[in-house]
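Engineer: Keeping the supplied structure of chain A fixed, place chain B upon it in accordance with the hints.
Protein sequence lines, in the order shown, are assigned to chains A and B.
Per the working numbering: the first sequence ends with 175, consecutive numbering throughout.
Per the working numbering: the second sequence ends with 1124, consecutive numbering throughout.
A few of these clues could be false.
To be verified - Pairs of lysine to any residue, SDA-like flavour, derived with a Cα cap of 25 Å:
1) B:Lys-1037 / A:Thr-153
2) A:Lys-45 / B:Leu-1027
3) B:Lys-1045 / A:Leu-147
4) B:Lys-1045 / B:Val-1016
5) B:Lys-1008 / A:Pro-46
6) B:Lys-1008 / A:Leu-147
7) B:Lys-1037 / B:Leu-1004
8) B:Lys-1073 / B:Gly-1114
No lab work stands behind these hints: they were computed from the structure.
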Amino acid sequence: MTALATNPLTLHTTAEDHRIARMSAVALGLTVLENAIPSPLPGVKPGLSNIVTLIVLARYGWRVAAWVSLLRVVAGSLLFGNFLTPGFFLSLSGALCSLLVLACAQRLPARWFGAVSHSVYAAFAHIAGQMIVVYLWLIPHSGILYLVPIFATAALVFGTVNGLIAARYIEGTSP
Amino acid sequence: MSLLRYIKLGDVLTLVFASAGVVVLTLTFWNGALADKVVIRSGGKIFREVSLSQDQEIAVTGPLGVSIIVIQKRKVRIASDPSPRQYCVRQGWLQQAGEVALCLPNQISVELVGSKKQYDSLSY
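Chain A extracted, bound-state conformation (with noise of 0.2 Å):
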């Protein structure tokens, strides 16, 4: 009672808060300037926020990561005035099907897989999941699997460079 009288703002942070926090604005950073580069297709994105997903996951876990995925997402639409529209789902379903996929990908060998394993898998469950949200919500037309080749080429390519990207920062990092 007294504590809520005289400090009635205080919110109880862990570090763990604070590390969420952090990586989610760099996060954001990315996806700010991901927007300023023109895009061929709309979609076609290198997604260059995954990176900081794909660190998070290796340091610091899969819980941390999901945390910093979606608040990169929901806090990306505040500030480009999408929230809740269609281009927010896609950005959602997208990251909730990696982050799945992610769970997975991450108990496999890390002897023998690594962070481009993981950005690969990643990026093609997200066009998987923005696809599926595509078709049955937005084009319900089978003209959009027309698409899906380019798609599919761009998260193969952006998924290895995202993840070699996000290997070299793991490995110049770790303990």
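Structural biologist: Below, chain B without anything else, positioned relative to chain A:
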């Protein structure tokens, strides 16, 4: 310094697997719907339906003048058109079912269609 040293053996496996997946997806979605017929429209009405298998040149007259449509090696393009911006000519060769070239000013369109009718009167 090379980034390649971050690729582990399993990652190579993943990349091979993913590349194969991309190839399979491309073959499935891009080659599955090869066109076999051209529908040429003029002023909204079907002018002619032509098979892609025969190389030929077709002249269609629209409000602005004559457009030349060329069929060659199972591909089609609008070779010349009197429209001012030449969008349909610059579109080049069309190959896939569903591809369309529109010359709006001259009211002419070329559309590729695949073999949608899976059943003919014999198999019905």
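Engineer: Compare the structure with each hint and give your call.
Structural biologist: Going through the hints against the structure:
1. With a C-alpha separation of about 30 Å, the suggested pair Lys-1037 (chain B) and Thr-153 (chain A) falls outside the 25 Å cut-off, and the hint is violated.
2. Distance hint between Lys-45 (chain A) and Leu-1027 (chain B) is fulfilled; the C-alpha atoms sit about 23 Å from each other, no more than 25 Å.
3. Straight-line distance between C-alpha atoms of Lys-1045 (chain B) and Leu-147 (chain A) comes to about 30 Å, which puts the hinted pair past the 25 Å bound.
4. Distance hint between Lys-1045 (chain B) and Val-1016 (chain B) is unfulfilled; the C-alpha atoms sit about 49 Å from each other, more than 25 Å.
5. Our distance criterion of 25 Å between C-alpha atoms is met by Lys-1008 (chain B) and Pro-46 (chain A), whose separation comes to about 22 Å.
6. Taking the CA atoms of Lys-1008 (chain B) and Leu-147 (chain A), the gap is near 31 Å; set against the 25 Å cutoff, the hint is violated.
7. For the hint pairing Lys-1037 (chain B) with Leu-1004 (chain B), the CA-to-CA distance comes to about 48 Å; that exceeds 25 Å, so the pair is violated.
8. Simply put, Lys-1073 (chain B) and Gly-1114 (chain B) have alpha-carbon atoms about 16 Å apart, close enough for the 25 Å limit, and the pair holds.
Checked against the numbered hints above, the structure violates hints 1, 3, 4, 6, 7; every other hint is satisfied.
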